[in-house]
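Enquirer: Sequence:
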Amino acid sequence: MSDSVEEDPRENILNEPLHGIVIPSALFIVGVIILTVMSGDYRVLFGLLILFAVVLVRWTSAYSRRRSLFTDRWTALELVDQTLISKNAAIYRFKLKTHLESLDIPAGHHVAVRIPIGGKDEIRFYNPINPKIDQGHLDIIVKSYQDGKVSKYFAGLQPGATVDFKGPIGIMNYAPNSSKEFGMVVAGSGITPALQILNEIVTVPEDLTKVSLIYANDTENDILLKDELDEMAEKYPYFQIHYVVRNPSEQWTGDTGVVTKEQLEKYLPVATDENRLMICGPEVMKDMVLRHAVALGWKHNVTNANSSNGDDQVFVF
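FYI, this note's numbering numbers position 106 of the sequence shown as 97, with every residue one higher than the one before it.
Just so you know, the hints here were simulated from the structure itself, not pulled from any lab data.
All of these numbers come straight from a predicted model, not from anything done at the bench.
One or more hints might be untrue.
Pairwise CB distance ranges (calculated) [what the hints assert, rightly or not]:
id : residue 1 : residue 2 : range
1  : P122      : L75       : 16 to 24 Å
2  : D278      : G109      : 28 to 36 Å
3  : T210      : V71       : 28 to 36 Å
4  : G147      : K201      : 38 to 46 Å
5  : K290      : G110      : 40 to 48 Å
6  : K226      : I41       : 50 to 58 Å
7  : N300      : N168      : 19 to 27 Å
8  : K201      : G288      : 12 to 20 Å
9  : D218      : I41       : 53 to 61 Å
10 : L75       : I41       : 53 to 61 Å
11 : W243      : T62       : 41 to 49 Å
12 : N168      : R105      : 31 to 39 Å
13 : Y229      : R105      : 33 to 41 Å
Think about it this way: if two alpha-carbon atoms lie no more than 30 Å apart in a straight line, the pair counts; the simulated DSBU-like pairs of lysine-lysine are [as the list claims (entries may be wrong)]:
id : residue 1 : residue 2
14 : K252      : K171
15 : K143      : K78
16 : K123      : K277
17 : K78       : K157
18 : K111      : K78
19 : K277      : K134
Cβ atoms here follow ideal geometry from the backbone N, Cα and C, with glycine treated the same way.
Given the sequences, and given the hints that come with them, work out the whole structure.
Expert: What follows is the structure in structure tokens.
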């Protein structure tokens, strides 16, 4: 990895196609037509064939560079900025190869990140949180841990530094209206795949899937993107969110403690074949919630919380 990226000026062809391709092509065509009329020699029109060949080569070259992520090789993306969203978590925004590119990452899939630490590569996986319709950037949330080597590396990055990405990676399958209701139970940074699926649902007008989310955290200050989630719940009629705080302040009026079987029964859809459940968080939390879910009739192999298949009724990250 390098500390800075010198942008290839050729990439601006796709960033600014009007100036890089459309306007030069239009001027050339007008020039050829004027020259043909003035000279009476219609062989000049063969120049249009040359134009077509030049534009085709130029466009193909630019098109081959426009893609930012691959499943089989690493790509260095430049850090644009870092936004602190809690005392120990931040959103890192990386620039894609062109301003017009949107990442078509399936809901519930993630990207791999490669970090060089102590002479070896550390690889971690993150769910992008920006909607597919966003152009030109990739956003991930990185939560800091006291002994977290990778999170400390991220915290030390400055705009202009690059990080290697690969993806998308994942097995979860989601399609609009594939379930009548979608229940989610997440904790901490486990909100990222839930937000990814929510963005998929709310940005597709014909998707009428009802979503009920239980979001557990240690304190109110640990709740990531609470304002955005509350706004989404207010604007999207099919989405409801319920917070659970383990160590609340005196001002907290919501649910407290750990996620219980009773909360799953109260807030989430019933366990029928037309509904689905997603669980994401620390291992202890996932095992506990999965036991509650199975007791309520959700279908999953309780002996292995990490054995989910793409179309399982209960998917555990």
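Enquirer: Now look at each hint and say whether the structure bears it out.
Expert: Cross-check of the supplied hints:
1. P122 to L75: 16 to 24 Å: Given about 22 Å between the Cβ atoms, the range holds.
2. D278 to G109: 28 to 36 Å: Cβ of D278 to Cβ of G109: about 32 Å, so the range 28 to 36 Å holds.
3. T210 to V71: 28 to 36 Å: holds, 30 Å
4. G147 to K201: 38 to 46 Å: For K201 against G147, whose Cβ atoms are near 42 Å apart, the range 38 to 46 Å holds.
5. K290 to G110: 40 to 48 Å: holds, 45 Å
6. K226 to I41: 50 to 58 Å: holds, 53 Å
7. N300 to N168: 19 to 27 Å: holds, 20 Å
8. K201 to G288: 12 to 20 Å: holds, 18 Å
9. D218 to I41: 53 to 61 Å: Holds, since D218 and I41 (Cβ atoms, about 56 Å apart) stay within the stated range.
10. L75 to I41: 53 to 61 Å: holds, 54 Å
11. W243 to T62: 41 to 49 Å: Given a distance of about 43 Å, which is inside 41 to 49 Å, the answer is holds.
12. N168 to R105: 31 to 39 Å: The hint (31 to 39 Å, Cβ to Cβ) holds, given that N168 and R105 are roughly 37 Å apart.
13. Y229 to R105: 33 to 41 Å: At roughly 38 Å between Cβ atoms, R105 and Y229 fall inside 33 to 41 Å, so the hint holds.
14. K252 to K171: holds, 22 Å
15. K143 to K78: holds, 14 Å
16. K123 to K277: Cα-Cα ~28 Å, so holds.
17. K78 to K157: holds, 28 Å
18. K111 to K78: At roughly 29 Å apart (the allowed maximum being 30 Å), K78 and K111 satisfy the hint.
19. K277 to K134: holds, 18 Å
Violation of the numbered hints given earlier is absent; every hint is satisfied by the structure.
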